[in-house]
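Asker: One-letter residues, chain by chain:
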Amino acid sequence: MRRLGKTHYYLLLINIVKLAYPMLKQSSKIVAALLLACICQFSFAQAPYSFNNPKQAQQFEQLTQEVRCIVCQNQSLAESSAPLAKDLRKKIHALILANKTNAEIKTYLTNRYGEFILLRPLFTAKNSLLWFFPFASIFLLLFYFFWPLKK
Amino acid sequence: MKLLVKCLPVALICALVGVLWHQLFYAHPYEIPSPLLSRPVPTFELTTLHGPFTTFNNKDLEGKLKLLVYWATWCSACREEHPILMKISERYQIPMYSIIYKDEPAAAKDWLAKHGNPYRKVGDDNKGDVAIDFGVYGTPEIYVISEGKIVYKQIGAIDEATWQDTLLPIINQYR
Chain R
299 MRRLGKTHYY LLLINIVKLA YPMLKQSSKI VAALLLACIC QFSFAQAPYS FNNPKQAQQF
359 EQLTQEVRCI VCQNQSLAES SAPLAKDLRK KIHALILANK TNAEIKTYLT NRYGEFILLR
419 PLFTAKNSLL WFFPFASIFL LLFYFFWPLK K
Chain B
21 MKLLVKCLPV ALICALVGVL WHQLFYAHPY EIPSPLLSRP VPTFELTTLH GPFTTFNNKD
81 LEGKLKLLVY WATWCSACRE EHPILMKISE RYQIPMYSII YKDEPAAAKD WLAKHGNPYR
141 KVGDDNKGDV AIDFGVYGTP EIYVISEGKI VYKQIGAIDE ATWQDTLLPI INQYR
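Protein chains in written order, with the working numbering: chain R, 299 to 449; chain B, 21 to 195.
Same shape as in the complex, but just chain R (with noise of 0.2 angstroms):
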């Protein structure tokens, strides 16, 4: 094969940014999308928080892996470094310190921004159909392997 000169080069850098820019300009959306997921990414190292034991220090370890960042929405506030999410771990920081349970602070965050802030659904009639559709499907799969319609 012929070796690649200096112009190949520079055609195929331009092929590429002609083919790239209207896409880029298309996905101005997208960039914007990436960029929000590039500030939700870059954590900055978390303030220290301190507590009065050890065991509220893992309670609020817990909480903030369990609770969304409405901003950065797949992610949790320990990982999240948008405004929101430090806000919110400072309150639940407070909340620690004025010893309240794991149950009575989601309670607090839900009356506010409704069950989508749990990380994981509530075990409730609503979200039946979320708990129970794998066990369900598993269940069907099951059925119709062993159980020939042949009579």
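Since the hints were made in silico from the structure, they are not lab data. Virtual Cβ for every residue (Gly too), placed ideally from N, Cα, C. Treat the hints with care, as some may be off.
As the list claims (entries may be wrong) - With a Cα cut of at most 20 angstroms, we get these calculated SDA-like pairs of lysine to any residue:
1. B:129 with B:111
2. R:388 with B:158
3. B:147 with R:417
Stated by the list, open to error - Simulated DEER-style distance windows between Cβ atoms:
4. B:70 with R:431: 49 to 57 angstroms
5. B:42 with R:441: 23 to 31 angstroms
6. B:126 with R:401: 24 to 32 angstroms
Stated by the list, open to error - Among chain R residues calculated to face chain B with C-beta under 7 angstroms, some are:
7. 364
8. 368
9. 380
10. 382
11. 411
Based on the hints, put chain B in the right spot on chain R.
Answerer: Just chain B now, kept in the frame of chain R:
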């Protein structure tokens, strides 16, 4: 019957794919339904930007229909929305209140002096504490409040179309 049983898995999978397809392309995951709807306005007390009143609290929002706007000068969507809010206050005579979210009071004052102030009172929520009680997560947010209860929450900037098609019908319903 046999056919029905045979088709059931296929139908189920089609339904599942349909739901996922809808959620992926047509749902608005950023618009989270607020649990505050039809509940009383959270209690709060903030200092105001302008006189003659020095405080703004939940009691100011009791009575007839009012709008509460959560905004900030650092939020570009809020700045874009401002002319429409000005128009609304001039055209419809709806009492409008606002709270600035984690903003410099001086910057907000400047902005309102330059571009017009549609609000009766502007509260200063510099720590974002009251915002948590309101469930604010994306400024600007507009709360429609009637008889001290939140009846609707609009997330994100509005334009003329959103005002005419969404907000105004709701407002007329409660006015």
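Asker: Hint by hint, where does the structure go against what was stated? Just the numbers, ascending.
Answerer: Hints 1, 3, 6, 7, 9 not satisfied by this model.
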